[in-house]
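Chemist: As a plain string of letters, each chain reads:
There are 2 protein chains.
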Amino acid sequence: MYRAPVDDITHALKAVSGLGEAMAAGRAGDLGEDLIDAIMEEAGRFATDRIAPLHLPGDRQGARLDDGDVTMPAGWAQAYRDWIEGGWNALPGPEDHGGQGLPMSLAMAAMEMWNSGSIAFALCPTLTMGAVEALEKHATDELRATYLQKLVSGEWTGTMNLTEPQAGSDLGALKTRAEPVGDGTYRLFGQKIYITFGEHDMTDNIVHLVLARLPDAPAGTRGISLFLVPKFLVNDDGTPGARNDVFCNGLEHKMGIHASPTCTMIYGDGKHGDTPGAIGWLVGEENRGLACMFTMMNNARLAVGIQGVAVAEAATQKAVAYANERTQGRAPGWEGEGMSPIVHHPDVQRNLLTMKALTGAARAICYACAHALDMARTGTEEEQRFWHERASLLTPIAKAFSTDIGSEVASLGVQVHGGMGYIEEAGAAVFMRDARIAQIYEGTNGIQAIDLVQRKLPLSDGACVEAYLEELDGVLATLRTSNDTRFGEAGHYLETAMADLRAATEWLVGRMAEGDKQAVLAGATPYQHLFGLTAGGVYLVKGALGAANGVDRASIARFYAENLVGQSGALRDRVEKGAASLAAAGEALVA
Amino acid sequence: MYRAPVDDITHALKAVSGLGEAMAAGRAGDLGEDLIDAIMEEAGRFATDRIAPLHLPGDRQGARLDDGDVTMPAGWAQAYRDWIEGGWNALPGPEDHGGQGLPMSLAMAAMEMWNSGSIAFALCPTLTMGAVEALEKHATDELRATYLQKLVSGEWTGTMNLTEPQAGSDLGALKTRAEPVGDGTYRLFGQKIYITFGEHDMTDNIVHLVLARLPDAPAGTRGISLFLVPKFLVNDDGTPGARNDVFCNGLEHKMGIHASPTCTMIYGDGKHGDTPGAIGWLVGEENRGLACMFTMMNNARLAVGIQGVAVAEAATQKAVAYANERTQGRAPGWEGEGMSPIVHHPDVQRNLLTMKALTGAARAICYACAHALDMARTGTEEEQRFWHERASLLTPIAKAFSTDIGSEVASLGVQVHGGMGYIEEAGAAVFMRDARIAQIYEGTNGIQAIDLVQRKLPLSDGACVEAYLEELDGVLATLRTSNDTRFGEAGHYLETAMADLRAATEWLVGRMAEGDKQAVLAGATPYQHLFGLTAGGVYLVKGALGAANGVDRASIARFYAENLVGQSGALRDRVEKGAASLAAAGEALVA
Numbered sequence: 001m002y003r004a005p006v007d008d009i010t011h012a013l014k015a016v017s018g019l020g021e022a023m024a025a026g027r028a029g030d031l032g033e034d035l036i037d038a039i040m041e042e043a044g045r046f047a048t049d050r051i052a053p054l055h056l057p058g059d060r061q062g063a064r065l066d067d068g069d070v071t072m073p074a075g076w077a078q079a080y081r082d083w084i085e086g087g088w089n090a091l092p093g094p095e096d097h098g099g100q101g102l103p104m105s106l107a108m109a110a111m112e113m114w115n116s117g118s119i120a121f122a123l124c125p126t127l128t129m130g131a132v133e134a135l136e137k138h139a140t141d142e143l144r145a146t147y148l149q150k151l152v153s154g155e156w157t158g159t160m161n162l163t164e165p166q167a168g169s170d171l172g173a174l175k176t177r178a179e180p181v182g183d184g185t186y187r188l189f190g191q192k193i194y195i196t197f198g199e200h201d202m203t204d205n206i207v208h209l210v211l212a213r214l215p216d217a218p219a220g221t222r223g224i225s226l227f228l229v230p231k232f233l234v235n236d237d238g239t240p241g242a243r244n245d246v247f248c249n250g251l252e253h254k255m256g257i258h259a260s261p262t263c264t265m266i267y268g269d270g271k272h273g274d275t276p277g278a279i280g281w282l283v284g285e286e287n288r289g290l291a292c293m294f295t296m297m298n299n300a301r302l303a304v305g306i307q308g309v310a311v312a313e314a315a316t317q318k319a320v321a322y323a324n325e326r327t328q329g330r331a332p333g334w335e336g337e338g339m340s341p342i343v344h345h346p347d348v349q350r351n352l353l354t355m356k357a358l359t360g361a362a363r364a365i366c367y368a369c370a371h372a373l374d375m376a377r378t379g380t381e382e383e384q385r386f387w388h389e390r391a392s393l394l395t396p397i398a399k400a401f402s403t404d405i406g407s408e409v410a411s412l413g414v415q416v417h418g419g420m421g422y423i424e425e426a427g428a429a430v431f432m433r434d435a436r437i438a439q440i441y442e443g444t445n446g447i448q449a450i451d452l453v454q455r456k457l458p459l460s461d462g463a464c465v466e467a468y469l470e471e472l473d474g475v476l477a478t479l480r481t482s483n484d485t486r487f488g489e490a491g492h493y494l495e496t497a498m499a500d501l502r503a504a505t506e507w508l509v510g511r512m513a514e515g516d517k518q519a520v521l522a523g524a525t526p527y528q529h530l531f532g533l534t535a536g537g538v539y540l541v542k543g544a545l546g547a548a549n550g551v552d553r554a555s556i557a558r559f560y561a562e563n564l565v566g567q568s569g570a571l572r573d574r575v576e577k578g579a580a581s582l583a584a585a586g587e588a589l590v591a
Numbered sequence: 001m002y003r004a005p006v007d008d009i010t011h012a013l014k015a016v017s018g019l020g021e022a023m024a025a026g027r028a029g030d031l032g033e034d035l036i037d038a039i040m041e042e043a044g045r046f047a048t049d050r051i052a053p054l055h056l057p058g059d060r061q062g063a064r065l066d067d068g069d070v071t072m073p074a075g076w077a078q079a080y081r082d083w084i085e086g087g088w089n090a091l092p093g094p095e096d097h098g099g100q101g102l103p104m105s106l107a108m109a110a111m112e113m114w115n116s117g118s119i120a121f122a123l124c125p126t127l128t129m130g131a132v133e134a135l136e137k138h139a140t141d142e143l144r145a146t147y148l149q150k151l152v153s154g155e156w157t158g159t160m161n162l163t164e165p166q167a168g169s170d171l172g173a174l175k176t177r178a179e180p181v182g183d184g185t186y187r188l189f190g191q192k193i194y195i196t197f198g199e200h201d202m203t204d205n206i207v208h209l210v211l212a213r214l215p216d217a218p219a220g221t222r223g224i225s226l227f228l229v230p231k232f233l234v235n236d237d238g239t240p241g242a243r244n245d246v247f248c249n250g251l252e253h254k255m256g257i258h259a260s261p262t263c264t265m266i267y268g269d270g271k272h273g274d275t276p277g278a279i280g281w282l283v284g285e286e287n288r289g290l291a292c293m294f295t296m297m298n299n300a301r302l303a304v305g306i307q308g309v310a311v312a313e314a315a316t317q318k319a320v321a322y323a324n325e326r327t328q329g330r331a332p333g334w335e336g337e338g339m340s341p342i343v344h345h346p347d348v349q350r351n352l353l354t355m356k357a358l359t360g361a362a363r364a365i366c367y368a369c370a371h372a373l374d375m376a377r378t379g380t381e382e383e384q385r386f387w388h389e390r391a392s393l394l395t396p397i398a399k400a401f402s403t404d405i406g407s408e409v410a411s412l413g414v415q416v417h418g419g420m421g422y423i424e425e426a427g428a429a430v431f432m433r434d435a436r437i438a439q440i441y442e443g444t445n446g447i448q449a450i451d452l453v454q455r456k457l458p459l460s461d462g463a464c465v466e467a468y469l470e471e472l473d474g475v476l477a478t479l480r481t482s483n484d485t486r487f488g489e490a491g492h493y494l495e496t497a498m499a500d501l502r503a504a505t506e507w508l509v510g511r512m513a514e515g516d517k518q519a520v521l522a523g524a525t526p527y528q529h530l531f532g533l534t535a536g537g538v539y540l541v542k543g544a545l546g547a548a549n550g551v552d553r554a555s556i557a558r559f560y561a562e563n564l565v566g567q568s569g570a571l572r573d574r575v576e577k578g579a580a581s582l583a584a585a586g587e588a589l590v591a
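Sequence lines, in order, name chains A and B. Position 384 (the first sequence) corresponds to 384 in UniProt numbering; numbering is contiguous. Position 332 (the second sequence) corresponds to 332 in UniProt numbering; numbering is contiguous.
If you are wondering where the hints come from, they were derived from the structure by calculation, not from laboratory data. All C-beta atoms in this analysis are idealised placements derived from N, C-alpha and C, irrespective of residue type, glycine included. Incorrect hints may appear among the rest.
[What the hints assert, rightly or not] Covered stretches of chain A (in silico footprint by chain B; criterion: 3 or more residues with CB under 8 Å from a CB of chain B, positions within the stretch not fixed):
| no. | region |
| --- | --- |
| 1 | 343-350 |
| 2 | 435-449 |
| 3 | 521-530 |
| 4 | 560-566 |
Hey, can you work out the whole structure from these sequences and the hints?
Modeler: Right, dumping it as structure tokens:
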């Protein structure tokens, strides 16, 4: 069973993410190391003791739909209520609406633990957090007054309603309509799919944020507006009142995260209320809904990356524990009686070390991204822009790299379990099933790669990515001068990878300047992988260099560099040469 | 829905596997191209029309256990009976027991199609085929007379009973007892787990092959004997008689292959019959059971490799079809109205081409392995040894590479489907769930790698692997002299990979000679991957060079070489350097 790795998490926060430097520079407010430790310790306890035990039973039981009502698995509603009573939902929330205003990096670190306990559980507050951000930045004072405190505390939950059957990655195709009533409200009509926690029985209201088109809206993405549509309209005293005309008419049967209800939501078919049409309020400006939604989607992307880290951590712990218990064969050098625990077999060690190393690398990238978001809130305008761009650059990598390794690590965990890995009761397969969605939702990892090369590399004319690469160089320079033999050839592999990453970056920027979109798009995914692989390896070195007792951390950093980073040249090659072979072969795929 | 790719399959048989050369040299008996085409066409029709439609409903319904009886999903028993009536089970069976005696390469090609239709369906005859081989080679005339014809026709099915809770990869730990009765029979007592189709309602008898220990047997693997234990004892007229004392007391809840009952079998607890103890007959010599079992396990390993190919093929077809249907966004160069089918997006093409290329590479390796088995049956003693060793060399690669790419391709298929990929009804996720077991059973892929480096590289003092590498070199020499520009830089990448493979081979052989077992074991898995990756790429080139209309095949071979083979250097590095970083970090994993 999962035990929150509080030491690893606080270490990554303080020694890797950049938060340590910010604290040393007096850029982190009142935050001290003791406070970080205390919060993480407490969060870890809740994740370990209360959430993790819900995971397997929740997977087996799943969320159930009956005539529009969704029932959560046994114990989930109570756990959620205890969780919000502990103040956990309010951790990152704005202080003027009851939040604790703690840094995003701490919130994401805690989020990792909730997700390791159960992604299905943590999904609900992840969506609520997104709704809080969107309303805080874009909603009218009145809407904020009515909804924010309840969402910050978690008394009510939030949802994001984007996808429609014909509009997934391409939101420009969405059709849900919003008709102005004339009194400042709108009536919404349409169907939304894949709505996470669109309906559940854990709270007495649910606040939907819905993308829809106004009657006179232009076609495409420039004609989309954002609306707030509560499940229950809110009385003047703040209590839930009449039922709004929105309901859940289907739950998806998914590969994993069974306890998270993935709803089809019907707006405005007249099931509830006298007049058909779900009553909603505009959030932000007309036809600017996509921009509002992106505010929350960016942080949601990081939160999904955290899911990858979280499931990797949980799967690794389980596999390490199993490998220490399970005896089979005799490993070379095994002196004990009878069969050795399989943890002594080199091939099992290779799997486990790969799992540990990838998990640590992805964690570092995600926390560094979260830290950049925190830094973007303070300082001079220039500093804010710098850190905002840094966060923008790291977001697709945090999302895609972490969720790719989440699935990879979970699959390795199944492998370490042997036959038991395939048996659901053992609890290894569920991580693989849960992890798989994170590579898809909030923008598939292919979409992340396109975002990275087309929108993020050009930030500040390339100065954003260059500054980041120089920061990574700095870590390797420290490693070089350290002459620390515990790192083996890590410096060599990572310096080569940095050179490959730089070259691939320049190549992509060059093709973009030439308008060769095909080449840029063909190389996007291998580039994204190269980027994450390299940055993750440098972060592992950084964390090991900074650790007082870093023997294990150094050996993990070394393992990562010597075993995984060697493919950097091949990845660079794919970036630069993928388009030609794609053009030659791609046509044959078209029916 | 899956459509058997008869053209690709017959092409791989004739132009890649070596069967073409054998036919040209008069080494393939009566077999002609027309017969190959006709058999594959017919097999493909059954797989497409009858098996594939059972797949998703079978996954949803699963096999059910009720008081020892297993009920298959609706329609499965009828489909199985029609399948054996079509003579399909008898395809590779010995002619003197009613089989058609067709080459293993054709049987495996047909097996690919049954597995693409449904791995769960094809598993049952896969086990029966193994039982036929073991009995044919090792059983007494009397046992063969009683059982072989029924097993060859498929009227009865066979099982392999190896695993016990404490004995998985390490069969030396098994405890099931066999006590001689004195009349030539034995009474068996014990529990076996993970028994595929250990119980079902498709036939009126089931023939279990069971590993157990005689009372005076030495400890470990040298004290294991093989027994035949029928579900129903057989009357003198060949009909099933009294129920034997063996039954199924549990079905596993698995991640996938839900329609394949994975049984816990109890032998000799007195549930059936007057005297406790399941009645069995010795197969082969006392205490030589493991050798007998390996006869069938080797072919079973190839058959599992075929499962990897099969699921990759089915997942690829589904993803290509979906990518042609689903419209989203506008791909660069798209001139049509509105959104383009996603097959035009470069990132989607990259995924689909990776799927196609890996599938073709794995298919070629498996068919070449099957062909080697066929060649080992004829010719001079020296020729037989050569081909037997070739098959032994290729078996772990066929098993591990194909099942690794099976899971990878199935996962890419989910990704191409976007959100739909995660919804079970769409039928993409099931491939990923089904595929995952193939990396584990019949010896985990880590065990395959150990087998490859420790037992297969030393065959004929290294002459076996050297002859194989030279054969691959020959293909690349043909490519070089062809000056065929359709292959782009494929020759360069594959020649580099061959050099890496050679160097890694020599390095491993050197360490083995030095007795550095730790180093050999640490490098085994990356070596196995390097081997499969390189051989697969060379085979794709071979197939494209030999194809009359090879434009698409050449572009796939090029894509594979230019995009996937570039990691050969990194894999070689891991082989040669993995042990050092493993030794440094592995200790920390031990609890």
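Chemist: Run every hint past the structure and note whether it holds.
Modeler: A quick look at each hint next to the structure:
| no. | hint | in the structure |
| --- | --- | --- |
| 1 | 343-350 | holds (count 8) |
| 2 | 435-449 | holds (count 9) |
| 3 | 521-530 | holds (count 4) |
| 4 | 560-566 | holds (count 3) |
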